[in-house]
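Visitor: Chains as they are written, first to last, in our numbering: chain A, 64 to 404; chain B, 60 to 354.
FYI, nobody ran anything at the bench for these hints, they're computed from the structure.
These numbers were taken from a predicted model, which means no experiment stands behind them.
Mixed in with the good hints there might be a few duds.
[Claimed, not checked] Subject to a maximum C-alpha distance of 20 Å in a straight line, what follows is the list of computed EDC-like cross-link-like pairs (lysine to aspartate or glutamate):
id : chain 1 : residue 1 : chain 2 : residue 2
1  : B       : K268      : A       : D291
2  : B       : K268      : A       : E167
3  : A       : K340      : A       : D291
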Amino acid sequence: MSEPLEIEIRNLFKIFGANPAAHVEAVRAGMTKAELNERHRHVLGLREINISIPAGAIQVVMGLSGSGKSTLIRHINRLIEPTAGEIIIDGQDVVKMAPEALREFRRHQTAMVFQKFALLPHRSVLDNAAFGLEVQGIDEAERLRIARHWIERVGLAGFEKSYPSQLSGGMQQRVGLARALANDAPILLMDEAYSALDPLIRYDMQTVLLDLQKEVRKTIVFITHDLDEALRIGDRIALLRDGSVIQQGTGQDIVLNPADDYVANFVQHVDRGKIVKVGSVMVPPGADAPGADGSIGAEATLLEALHRMVASGEKCLGVTGPSGQPVGLLPLDRAISAYAG
Amino acid sequence: MAWFDSFPQLADDNLRALKKTIDEAFRTFSRSYGASLETLFEPLKQFLIWSERVLVGTPWPIILLLAAGLAWAASRSWKIVIAAVVTLCLVGYFGMWEDTMKTISMILTSTLMSIAIGLPIGILMSRSNRVRAVINPILDVMQTMPSFVYLIPVVMLLGIGKVPGLIAVVVYALPPMIRLTNLGIREVDPDVLEAADAFGASRWQKLIKTELPLALPTIMAGVNQTIMMALAMVVIAAMIGVQGLGQPVLKAISNQYFTLGLFNGLAIVGIAILLDRISQAWGARLQKHRGVKHV
Ligand SMILES: Nc1ncnc2c1ncn2[C@@H]1O[C@H](COP(=O)(O)OP(=O)(O)OP(=O)(O)O)[C@@H](O)[C@H]1O
Ligand SMILES: [Mg+2]
């Protein structure tokens, strides 16, 4: 497995319609999606997207239906041609790749899980999972061995010989996941890869992904509608609305400082206690606060701090940094008000 | 008011001259190229002779076994296997075994040829709307032009015999093969094609691993129709020297032998129903896993 790759999306625009290039300037100048549609009958897919995804990170993309998530993720392996912009991966602009180079890039650097599964209906689960390897030209015994391993890993052992039409939606989605993971590519593109799964299997599959990240670091772009999922697995989250990124950052950033009402609406029902770190709501050491009883690490969640205070009756905790040095204080009333939002 | 009462047509002399010129030109063409065209079709002729010899020469019990095996392999249905054996037995019992074998040989050859020609053309047609716009009217002409009309130039070029008969049959039986190949490929789920793209499949890999297998049930419907249309041409092909069940029917027409005509006609119907059921059952078996339900 090669080194994880960084993905750098720069000034990406996508307009759907008969003559998209003619309208880029107008969109750059601020024409809205509704105006573009009304006046020129073109659909604004993406507007000026700038996202840089560090190597080995999980980037979550969220947004309402139709906000452009699928359009964005399809640009990364150029299933959709952008109207303007660059996608730099491993020093190369994907947008400028020649067909042969693009094929090689797709075979070896990326793997994708699709919102609508897109399995090959005439092939068994095993042959579906081996499809990417087959395209790469890997011999049959080897690819079936790898495919079997991943089918087992996604919990479908025993279904190798079944056909997609004999499986439930959630099972089909896991076949799609096995197919992508079998490719062992440094970049994994997951378009609502978990949306058809029931909560328990979904949690399992999140764990599979996180475990995998511990073994082999991949750069993962993960689309989801589920904020809890986003916060659990995402190192970084980007929020899309009408084709524009309206906020990006860590889960905590977004929960604590929503950029506008749209984002605030998105995060209002989240359990802040599980997201917010003690370090980001503590008060400075010299502040006017009751004397600290015990101490807690800055990386602990607010919920953990509250559990402790309630259990032990402490009114204030000392906050310690990575090497145990005191960095601040967390009084109970401060913790409660931060939790309530 | 002469022009109003009767259609103002080309003067008789000119019309005659026009027809004569075209006829002359074609005659010259066939005189100078007929022989070389015949050599071109020689391998085809040899193949026809060979396949006919194999089918006629193989002892009947072996043919029966083969037919039963084929019916089973294609349909996995005892009903169809028994129907195949009974039909062939009846045909043989009423003295039409050899003619039936000749006809089946002709049908198989023309079906193979239609697939060999129709599949690539159908694929090309599915790739480009422009190609489709060119080919569609040609297929319309092939299907509606009375067969006798294109039999004339074929016979002028190649004379009477197996090859011109085969060409006449293929011209008539080819269009459904092309049309349904095109349709089948165009109907392949774009999501699946996108997935193939995403994994870096080349155009060839996409065709072999996704498009053709997904289009196969539709293509099989095309093969089925091609077989049926080839059978419908058996009597007409007999007029230009193709042997088989068509010859006795022609003889029956000119001599008013009602029973002879009826028996051979029924044999054709029997073979038709048989081949239809076998190829349809095969198509249906291919269909089994195709439909994927999305949630
Ligand atoms: N091929 C296309 N032609 C025209 N418009 C398109 C095309 N593909 C997408 N769009 C438009 O782009 C916008 C974004 O679509 P996209 O599929 O990316 O949304 P999404 O965020 O993935 O939504 P969902 O959550 O429902 O999957 C929509 O307004 C859609 O109508
Ligand atoms: Mg989508």
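Visitor: Return the numbers of the hints above that this structure violates; sort them in rising order.
Guide: The structure breaks only hint 1.
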